[in-house]
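Enquirer: Take the given structure of chain A and dock chain B to it, following the hints.
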Amino acid sequence: MDLLRFTTAGSVDDGKSTLIGRLLYDSKSIFEDQLEAVEVSSKKRGDEEVNLALLTDGLKAEREQGITIDVAYRYFATPKRKFIIADTPGHIQYTRNMVTGASTADLAIILIDARHGVIEQTKRHTFIANLLRIQHVVVAVNKMDLVDFSEERYNEIVEEYRELASRLGNIVNIEMIPISALRGDNVVDKSEKMPWYEGGTLLYHLENVYVGGTENHVEARFPVQWVIRPHSNEWHDFRGFAGRVAGGVFKPGDEVLALPSGFKSTIKTIHTADGDLEEAFAPQSVTITLNDEIDISRGDMIVKGNNPPKSTQDIEAMVCWFGEQPLQPRGKYIIRHTEQETKAVIQSLDYQVDINNFHKVEDATTLSMNDIGRIKLRTAKALHADPYAKNRHTGSFILVDASSNETVAAGMIVQP
Amino acid sequence: MASYSLSHLKQLEAEAIYILRETAAQFENPGLLFSGGKDSIVMAHLAYKAFHPAKLPFPLVHVDTGHNFPETMDFRDRFVEKLGARLVVGSVQQSIDEGKVQEETGPDASRNALQTVTLLETIEKNEFDACLGGGRRDEEKARAKERFFSHRNDFGEWDPKNQRPELWNLFNGRKHIGENFRVFPLSNWTEMDIWQYIKEEDIELPSLYFAAERECLTRKGTILAISEFVQPREGEVVEKKSIRFRTMGDATITGAVESVAVDYDAIIEEVAAARQTERGNRADDKRSETSMEDRKKEGYF
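Those protein sequence lines, which keep their order, are chains A and B. 161 is the number of the first residue of the first sequence in this note's numbering; add one for each residue after it. 1342 is the number of the first residue of the second sequence in this note's numbering; add one for each residue after it.
So that you can see chain A by itself, here it is in the shape it has in the complex (with noise of 0.2 Å):
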């Protein structure tokens, strides 16, 4: 069985915590003891209907007030597919939970009301959904029983929607489904009120999108995570390189190179508990050994020496800040990538982005929390970097303030 992460996006009253809700419901996913839960917490709340946001709502705060605050997730499958979903919140204050859904996610699902068409959340939503290149788009478009299922009116967000994403560049396909999540229209049953929506069902998608691109297998990357030394007898000369593939492949025999060293070997054996391996590629997990001894540590890279990645002190970036404080120009930040933990100073903040109609404020500051810019950075240790566009695993990045140890930007490299 194969797996899709997605995640979900939509503003305050969206009905995106229903329509997961009604996704797990109607695949059959929830169990009757939470949904007797659900049912005695709407009683209480004097909700007519059953409410099904309280499937995912689980925070004390957020039942108070009605509200998703912070990204949950949740699991269901079919007969076709495992499914991970990142459910994140739609308030502005809470755009950082979206890019740290969409992160980790294969497909997006934005949410449109029917009411209000195309606002200016959903461009912000469709901005990250972009920026983090995620490649399949869903637009819901939720609540047509309050418009009267009117084709009319949803041919209008259509061609709203199809404008604004028009201006940008990187989803690759997008699907438009016309929905009711409340009444379960075209969530997983083909509506009977919409028989002028002639395309599938928003779950008939979800199981047969392809989504086979997200991991990079042409360019080798190898971050080393942790060196395993067995010091026993059977394993006295053992010395691997534990990490996870970050891209390309790799087999026994092939020649290698370690950053920042920049010395040779060749592929001894792909080790792992269960016996060796004829090749690895992301994302699994490995132990590699060399044929010969050289000095390798955690934050090191091994690759191919046709296609290394660029070993760089500057980088030029996209970030997204998370912190509360907002960022400090010439400010001093620790930095992850991959592996490696270094110390970053910002060199400059370039411009940044008014997401809400994707302009440019060049004469910009700084960043404040849920801002999104450009800047250059400049690294103490060189990073073996790739553009985001390229490899998301050594092409992103996180920002760490030293005092507080508080992530406070998310980074997508543009340029190593």
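To be clear, the hints were calculated from the coordinates, so they are not data collected in a lab. Just so you know, even glycine gets a beta-carbon here, dropped at the ideal spot from N, CA and C.
In silico EDC-like links for lysine to aspartate or glutamate, alpha-carbon gap of 16 Å or less:
hint, chain 1, residue 1, chain 2, residue 2
1, B, K1516, A, E501
2, B, K1351, A, D162
3, B, K1516, A, E566
4, A, K536, A, E522
5, B, K1540, B, D1606
6, B, K1390, A, D436
7, A, K550, A, E476
8, B, K1351, A, D434
9, B, K1516, A, D561
10, A, K188, B, E1611
11, A, K464, A, D414
12, B, K1396, A, E394
13, B, K1351, A, E439
14, B, K1390, A, D434
15, A, K428, A, D397
Computed far set for chain A versus chain B, every beta-carbon distance over 12 Å:
hint, residue
16, H276
17, V298
18, Y314
19, R322
20, R327
21, R343
22, G359
23, G465
24, V513
25, D514
26, S528
27, K536
28, A540
29, A549
30, V574
Expert: Then chain B, alone, in the frame of chain A:
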């Protein structure tokens, strides 16, 4: 070009191994919480794979409620020996004897809440800066919001509204002195994934997970196995039924299900058809709507 794809179980395995190695690398002194339940057995199995052919770079930690099913303890000791791992035990009984906690009284008393005190003490005494737990996000609604690397303050408390964002595969385990982390490598696994993996890897489990004729009684709709800790009260009838357990907790509150499933395949079939969550018969989760969130804030797993 060849097709490079992994099954969902292989993807989950690769992710968990990554998290286990990351924990060993980012922390000075981690420990792996081992309850003897299936999730912690799977986690320990994954840890064995993550560091093979070396031994585990951290000990297994058992917070012993003293209310164990006897099979669980036998199993624990054999398992630890097989793995060649170090075992650290924190005892709730000892916390009670030392007067640090007071045993609950009354008909629904359990030692589940007391575990938190013993756990926090064990962490402090052994100076663990990270504890690996087998918690899964599909178990309970508050768990659904938990991070892989979950930050705890000096008092072991969880602040759900102020969690660190986790992006891509980048985990931030930086902390101040006295703070620690709970790490959950199985976050993305479901109960079904666990069982499918146990079958695929042929992992040995305590016999209580498999159906057998056992003496039991029914208390408030929950089937409890007769043991040293569970004895019939007035009006309760002891019966012999074919039952098995879906989770291993405090023997006084962990309910069984009627079942005839004696092997992996039968259990997987049962899990697929189940209409109740596996914690559905844990009395500790039923105390209030947010009892798990409340316990987690206090420092529970």
